[in-house]
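Chains as they are written, first to last, in UniProt numbering: chain A, 1 to 291; chain B, 1 to 345.
Calculated from the structure, these hints are not laboratory results.
One should not assume that every hint holds.
[Claimed, not checked] Here are some of the chain B residues that sit facing chain A, going by a computed Cβ distance under 10 Å:
hint	residue
1	Thr122
2	Ile144
3	Ala145
4	Gly262
5	Val318
6	Pro322
[As the list claims (entries may be wrong)] Quick partial rundown of chain B residues pointing at chain A, CB under 8 Å, derived from the structure:
hint	residue
7	Leu125
8	Ala140
9	Glu143
Note that the structure is predicted; figures quoted are calculated from it, not measured.
Beta carbons are placed, not taken as given, at the ideal position from N, Cα and C, and that holds for glycine.
Chain by chain, the residues run as shown.
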Amino acid sequence: MDALATNLVTVVEGVAFGLLLFTLAVGLSLVFGMMDVLNLSHGTLYLVGAYAAYALSDGSWWGLVLAIIVGTAAGVLGGGVLAGMTLPLSKRGHLDQALLTLGVAFIAGELFFEAFGHEVVPTAPPEALRGSVELLGRPYPIYRLVFIAVAGILALAVYIAFERSTLGALVRATVADREMVHAMGVDTRKVLFGVFAVGAALAALGGTLGAPLLAPGPGIDERVLVLSLVVIVIGGLGSVRGALLGGLLIGQVQTLGVSLLPDLAPFLLFGAMLTVLVIKPAGLVPAGGRR
Amino acid sequence: MTTQTTSTAGSEVDLRRSLRFGARPGRPSMVTWAVVVVLLAAAPFMLNNYQVSTLSRMLVFGLLAISATLLTGVTGLPTLGQAAYFGVGAYTAAIVARDLTAIGPVQVVLAALMAAVVALFTGTLATRARGVPFLMITLAIGEIAHSAATSWSSITGGSDGLSGIPRVIPLPGMDELRLDGLVYYYVLVMAVIAYLLVRALVRSPFGLVLRGVRDNEPRMRAIGYPTGRYLLAGFTVAGGLAGAAGALLVSVQRFVSPGDVGFSVAAVALLAAIIGGVGSLPGAMAGAALVVLVRDYIGTDLGGHGPLLVGAMFVAVVYLLPQGLAGVGAQVRRRIRWRRTEHPA
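Take these sequences, add in the hints, and give me the full structure.
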């Protein structure tokens, strides 16, 4: 009974981590799946938000709000810049986009670590959300429960915006036939910039909210990028539901795996990816399936 | 045709085109080769110790870049995971050197075999994908190797790495190599052997099939080649080559740590392959030399901002050198011709 309770708490932990992964991966997935731009500096956008939280979050509510506003705004700005930089490469293929965004990630990472130090910096949640509640007879941090709620709402909002709203329909139409949408009088470049900005803002917001879960520092940008890539490879490129499913799955694999099979933990991620890709090569919820 | 292939077909064509773009550099002439060989042989007499060990590392990363080029340029599968096999080779060589024998070629062969086995296993997954998903999967494989190197401390020594590796013995019966210059010659000889083997492979019928798959996979399959098996074989060979490079790294620095398996190593290998002009083996070597020079040499002089400079190189290469170093000549010539005639499509 005791072991069961421990594992259930780990599962809750995995849900929190999985929703964090969703917030990060969905932007990468939308930008690639919908706008056909491979952004390998996605992990850097997490750092943008997470360092904003580290610098501005002083334990008060205002600090958190300020960090969210600054982090998200910086993310929007970063997404716009990246969209502008990759726009001239759209005819040249993905490898050039990959190289360019990798270069941006290296440069931005180095500047961040120069400014904030070469250590992973711990980031505390606001005072009102510190402490813990009793969960199945065990103390559990309040902040993670709040994070689960907030990220859950965020996931729902993203799903409605992209899959159920007129704006989302416009974006998907632009993906399906850019020239036709353009001919109907829509500035498709604005759509590209918009999707990129939203995707980047989600990553930065994930960084601001997720900093207490996954603290910023050297190497974190890579880790975030790789986890996001694994999530969207498993979930299916360009699909919001895929990102959610993939995020929750990898969240469980990472937390349950580390707690149950610590020796095999590094290989479980690969194992999960292998299993899914052998069964469903296009990912669990391929974006093309519904179209 | 399934819906999957039709939805990604457009992007795949783009990727293939961008890969093929840089694949036609001029072949170096015999004179160029002779000059390069003389310069490489004379280098230890003209340089100080640090410069000689930098030169050794250039050769090691050159082999790694060739391994990346074998996949990215020759086969058309852009990889960000070669550091994983580089690391498998390096750790294997370090353990062999510590526990079994200090004879270099034995370390290199065992490291290459071990890396090839791991590449065969992981490649069965990776070669199911093409284009960007392949890039993503290899990136994930590299990251998993990195976390394995960090956390599997009973074998890899964790983040401390493996040290106390004996100096390398080039052939049975010879003395261990004490001078950096001699280690450099050992690495040079091994690198030349590996280079010639890879060149023979690329020019063989097997290499032709790989290039055929790069240019038009459905057609190769229609002719009757089991393309998946060829790609897996190419992936395995590239992994083995990366493993051999890892073994040579251990001979040079006599130390291996998770940093040698990291994402930035794989990114640098890909960058070197692309700077050189994708698909060109001498280009990959030259690209690796340039990247190591900028990162380790100039970067050290500028207060350790190697990554910043490497990042700037990525950006510069994309905008300024779409065909890589090997394509610079052709690019200049075409610019001149463009001025004279009308713009081609």
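For this session: Find the hints from earlier in the document that the structure breaks and name them by number, from lowest to highest.
Result: Going through the list in order, the structure violates no hint and respects every one.
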